[in-house]
Each structure stands twice: as structure tokens, then as C-alpha cells.
Amino acid sequence: VMYAGRVVESGTLDEIFYDPQHPYTWGLLGSLTRADQSRTERLAQITGQPPSLISPPAGCHFQPRCPHRFDRCAEVPPLERRVPGSGHTDRCWLDPETKRRLRVIDELGTIGLEVPESVEASG
Numbered sequence: 038v039m040y041a042g043r044v045v046e047s048g049t050l051d052e053i054f055y056d057p058q059h060p061y062t063w064g065l066l067g068s069l070t071r072a073d074q075s076r077t078e079r080l081a082q083i084t085g086q087p088p089s090l091i092s093p094p095a096g097c098h099f100q101p102r103c104p105h106r107f108d109r110c111a112e113v114p115p116l117e118r119r120v121p122g123s124g125h126t127d128r129c130w131l132d133p134e135t136k137r138r139l140r141v142i143d144e145l146g147t148i149g150l151e152v153p154e155s156v157e158a159s160g
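Residue numbers (the working numbering): 38 to 160.
Everything labelled a hint here was simulated from the structure, so no lab data went into it.
Misleading hints may appear alongside valid ones.
What the hints assert, rightly or not - Here are the in silico distance ranges between beta carbons for each label pair:
| no. | residue 1 | residue 2 | range |
| --- | --- | --- | --- |
| 1 | Ala111 | Gln82 | 18 to 24 Å |
| 2 | Leu69 | Glu117 | 36 to 42 Å |
| 3 | Arg76 | Val113 | 39 to 45 Å |
| 4 | Glu117 | Ala95 | 17 to 23 Å |
| 5 | Pro121 | Ser75 | 36 to 42 Å |
| 6 | Glu134 | Ser68 | 31 to 37 Å |
| 7 | Pro133 | Arg79 | 28 to 34 Å |
| 8 | Leu69 | Leu90 | 22 to 28 Å |
| 9 | Leu80 | Asp56 | 17 to 23 Å |
| 10 | Ser92 | Arg119 | 26 to 32 Å |
| 11 | Leu116 | Arg76 | 39 to 45 Å |
Built from N, CA and C at the ideal position, the CB exists for glycine as well.
Work out the full structure, taking the sequences as your base and the hints as a guide.
Written as C-alpha cells, this is what we have:
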């Protein structure tokens, strides 16, 4: 999965679709139509605009649009991290437990929700 010229997540089809790790991937998957979805139900959308590729933002390129960003995201490009026990990787500063909790929130159709106060990001 690429965003603004950078790979943000890499894995098998099953890993990406059934265990996505990056907030951008969550947004993409949340915007897909589903067979069980009402035709009148609006699709989720990722807020904001894609960045300029000529002058991309510092840090994570997705951070201006990410509802889960924190200070480090704007300062330092995230390093590639491997999901334990697989070849699945992503580039996001959120720790694995926080990602798991936020993904549950996002899967309920609330892409763009602000980070709940009870959720702490790793630094």
C-alpha cells in the first residue's frame, strides 16, 4: 500500500485485507462497498486532501490527514516495523496495541474520528 510515493504497508493480500496495520489502509478498506451494505449508506472517506508530491509534509506523509497522528508523526518519517510472526510490515509510529484498539473503532465506520483521550500513542 503506497501513500504519496512511500510504501506505508506491505504484506500478503490476506494480511492487508484481514489484519491491516496502517491508518491509511484502514481508510482505504473502510471506503470499499460491501455486499451487506445498504445502497443508501454513505461510504467512509478519508478527510483532507492528498499532499503535494513536490513539497510533501515532514515526517509521515499521511499525518496531515491521519485522525490518529501525534507530534512524532510530523517530525520523523516512521521506520518500517514487522508484524511479529510474518513478513507483513508497516510504517506507523502507533504501537501495536494502540493500532489494534483504533482499528476496531475505525472498522465501525468512524474513519476520521479524533483519537479518544484514553488511547495513548507510543513515543
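Hint check:
Roughly 22 Å separates the CB atoms of alanine 111 and glutamine 82, a value that falls within the hinted 18 to 24 Å. Against the hinted window of 36 to 42 Å, the Cβ-Cβ separation of leucine 69 and glutamate 117 comes to about 25 Å, which falls outside the hint. For the hinted restraint 39 to 45 Å between arginine 76 and valine 113, the CB-CB distance of approximately 43 Å keeps it satisfied. Under the hint 17 to 23 Å, the C-beta atoms of glutamate 117 and alanine 95, about 18 Å apart, fit the expected range.
For the pair proline 121 and serine 75, the beta carbons lie near 38 Å from each other, so the given range of 36 to 42 Å is met. Distance hint for glutamate 134 and serine 68: a CB-CB separation of about 25 Å, inconsistent with the stated range 31 to 37 Å. Checked against the given bound of 28 to 34 Å, the beta carbons of proline 133 and arginine 79, roughly 30 Å apart, stay inside it. Against the hinted window of 22 to 28 Å, the Cβ-Cβ separation of leucine 69 and leucine 90 comes to about 25 Å, which satisfies the hint.
Checked against the hint of 17 to 23 Å, the C-beta distance between leucine 80 and aspartate 56 comes to roughly 22 Å, which is consistent with it. Between serine 92 and arginine 119, the C-beta spacing of about 31 Å keeps the proposed range 26 to 32 Å intact. A C-beta distance of roughly 42 Å is found between leucine 116 and arginine 76, which places it inside the suggested range of 39 to 45 Å.
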